[in-house]
Amino acid sequence: MIQDLIIAGFGGQGIMSIGKILALAGMLDDKNVTWFPSYGAEMRGGTANCTVIVSDRAIGSPIVARPWAAIVMNQPSLEKFAPLVKEGGVLLINSSLAGNKIETPMNLRFTKENENTQRGFTDERKDIETIRIPATEMADKLGSVKVANIIALAAFCAKTEIVSIGSLEKAMERSFSSKDAALLRINRLAAYSGREHILVNK
Amino acid sequence: MRPVFVRPNALKNVPFRFCPGCHHGIIHRLVAEAIDHFGILDRTIGIAPVGCAVFAYDYFSCDILEVAHGRPPAACTGIKRARPDLIVFSYQGDGDLASIGTAEIIHAANRGENITVIFVNNANYGMTGGQMAPTTLLGQKTKTTPKGRSASSDGYPLKVCEMLATLEGTTYIERVAVNNPGHTKEAGRAIKKAFKVQLENKGFSLIEALASCPTNWEMSPAQANMWIEEKMLKVFPLGIYKDTSETKI
Amino acid sequence: MTNDFNNKRLMIGNDALCEGAVQAGCQCYFGYPITPQNEVPAYMSWRIPQVGGIFLQAESELAAINMVFGAAAVGARAMTSSSSPGISLKQEGISYLAGAELPCVIVNIMRGGPGLGNIAGSQGDYFQATRGGGHGDYRTICLAPGSVQEMMDLTREAFDLADRYRIPTLILSDGILGQMMEPVIFSNDLNLFDDLPEKDWALTGAKGRPPRVIKSLYMGEGELEERNWRLHDKHKRIEMEIPRCEYLNTEDAEFCLIAFGTAARVARSVVYLAEKEGINLGLLRPITLYPFPKRPIKELARKGVRFLVIEMNLGQMLEDCQLAVNGVTDVFFYGRPGGGIFNPEEILKVVKSYL
Ligand SMILES: Cc1ncc(C[n+]2csc(CCOP(=O)(O)OP(=O)(O)O)c2C)c(N)n1
Ligand code: SF4
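Residue numbers (this note's numbering), protein chains in the order written: chain A, -19 to 182; chain B, 5 to 253; chain C, 5 to 359.
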């Protein structure tokens, strides 16, 4: 089986890190993995994305035009990548910043782009499975909007079982190992609440 | 009503895409004002270097030639020798001018080429993500000096104005900054002077502008301005290092 | 992220190649920033001092390659890296290194060209890398990694090959392989040559022996010609001894893709797609670009296999493939220049149009 996905959002949302964590978890599961970032001048525009592939077989192209899944953390990414997900695929939307007519909490209205989030995600696709999770709000409640990425990743993994829970946890620990305990704790909480969100709504 | 602040003619009507707080935008504007001041837009050729200023070709409304890394002074020489009636300026970063292009700048200066060089010293390589430049301060951390620049392995901050002022070929050399309104005003005057020297066929002029790179310095724009004031000015004092424009005929 | 797990680490290609150099005992690294290889000098700036090596950011690529020239002349294992425009600048030095028969490793993480081009991964420097590149009648070994693991392993091996043949050895990779992460296995059983020749030519100080000279100038009557014949013999030996390629599904295939590096990764996906559709499609991936694995291609051609060469350029390795096939069967081409990259579906369509 080859599972390929694109993770996308603003620079600073930790897009690259969750991609690496996922790839690392896949590696710990003894799968073949690749992680490929958008790099260089592309990043000056403030958006970031990476492609992660987890596979039983040796991986071919590290870049995919039509991924099996996408995790989109903001509206521009939703608009760009939702149409590319293959039929029967999975789309996880951070509904705090994309695709919902929800009120963005005052403290999150820091960029112009956020205004777009009020526009909504109109042409919803029926041929893929869409998961909405208010990751940024959930993260805010945990005490740091920065862990929205971990919430989204954990939810995605709970839904798709792309990697094992154990490996995901180990991968997270290794990625934060050098940093402080409080950070690790809040990230653990984030992973837990992301997972729970899926399991509760199953 | 008389407008007090308008876009110079020498700049296209497009917004700069430099990082917030980057001084490239201010320095572009000062160069454009000088071109407007002398009314030479239609006979000026600018050089877009390799570096963050490569996009000069998107911003200036004069003709622009994009040149290989470090080679602008040689390209300027070619242009000016072929067409002495044109006004030529090169706009180069510290990686471009003071590292890979050291030979070219020294020899253009030494030949006294009648060109104007705008040298933007932001103490690192901006475009490639913040590596050490020859102008990086001692102790300054960059991508390739993770423990800070050390004199024993990387040498000392290269003082371009001081060095070029010793060459007999040069006419006007000044170092400026644009980190506050006072300095910016002075910088504008200096850049005009540098163009005037060329217009009067008096030879080689170079203005070094100390500039911020908040992105790679990992500072806010305000902090970056302070850092220039407190750290860079000590190593790179402002002032006129050479002016023989009055004695040259 | 550096995570040890059963000797496996998830790394980007540019970092992995540094580890390959460290494993080979590289003593000196000289470089200059350029995207998309900036990770190499950044990594080397802390990594090589850890193992007692020298890191120096040169003032230019010209300087960097000449620093390599100096270090190699005194017998040190030396490396430099850059991307396309910087490699062009190094060509003068590479020509001198080849002329003086100095071993060293030069890494090219290719980007789009010509000129300043762009920073996307590309394969536009194939001609430059496999034809010598600089002036004069010479060749350089050229290895093309196809994975992050190979970025490490081939870089390590490149030092051995360079020493074995006293020849500059190139790693020809691109921005995609440089920036992507994959698991890399750090084996304890490094496959190093143990029969490398003594560097009895190195300039170590004429103490107790006659002075040595390393040079590329041969002004005497017939001197240079003789020397070039010697280089030629060496090249022939290299062409006999080290061509290498990887095969995938070539046993029963009547149609075969030929691709190297990143393009070969896409080609692998094409082979998977073809499998699903029941199409017999093979892949031959040259690992050494000079010497080019002519014989395996020739053998397939003799069996009547037809080929589609795919490259991230407008047809450079194509010419080597055509020379190998020599008109025996068809060689088709599909490529995209300037940092464009094809997707597997796109190529499968092309394949089908020839079946
Ligand atoms: C021959 C060559 N080597 C390296 C590069 C990569 N490169 C692009 S910009 C740059 C340096 C930019 O630094 P600087 O001149 O200080 O300008 P800044 O971006 O800071 O304005 C380098 C090394 C290149 N384009 N060509
Ligand atoms: S990287 Fe530095 S020099 Fe380049 S635009 Fe940004 S702030 Fe300016």
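Calculated directly from the structure, the hints in this document are not laboratory data.
For every residue, glycine included, the Cβ atom is placed at its ideal position computed from N, Cα and C.
Incorrect hints may have been included.
Claimed, not checked - Listed next, the in silico DSSO-like pairs over lysine-lysine satisfying Cα-Cα at most 30 angstroms (straight line):
1) Lys219/C to Lys280/C
2) Lys60/A to Lys280/C
3) Lys126/A to Lys151/B
4) Lys150/A to Lys219/C
5) Lys238/C to Lys219/C
To be verified - Sample of chain B residues with no beta-carbon within 12 angstroms of chain C, all distances over it, derived:
6) His41
7) Ile49
8) Lys151
9) Asp158
As the list claims (entries may be wrong) - Chain B stretches covered by chain C per the calculated footprint, using a threshold of three residues with CB under 8 angstroms from any CB of chain C:
10) 67 to 81
11) 98 to 104
12) 130 to 144
When the hints from earlier in the document are held up against this structure, which numbers fail?
1, 4, 8, 9
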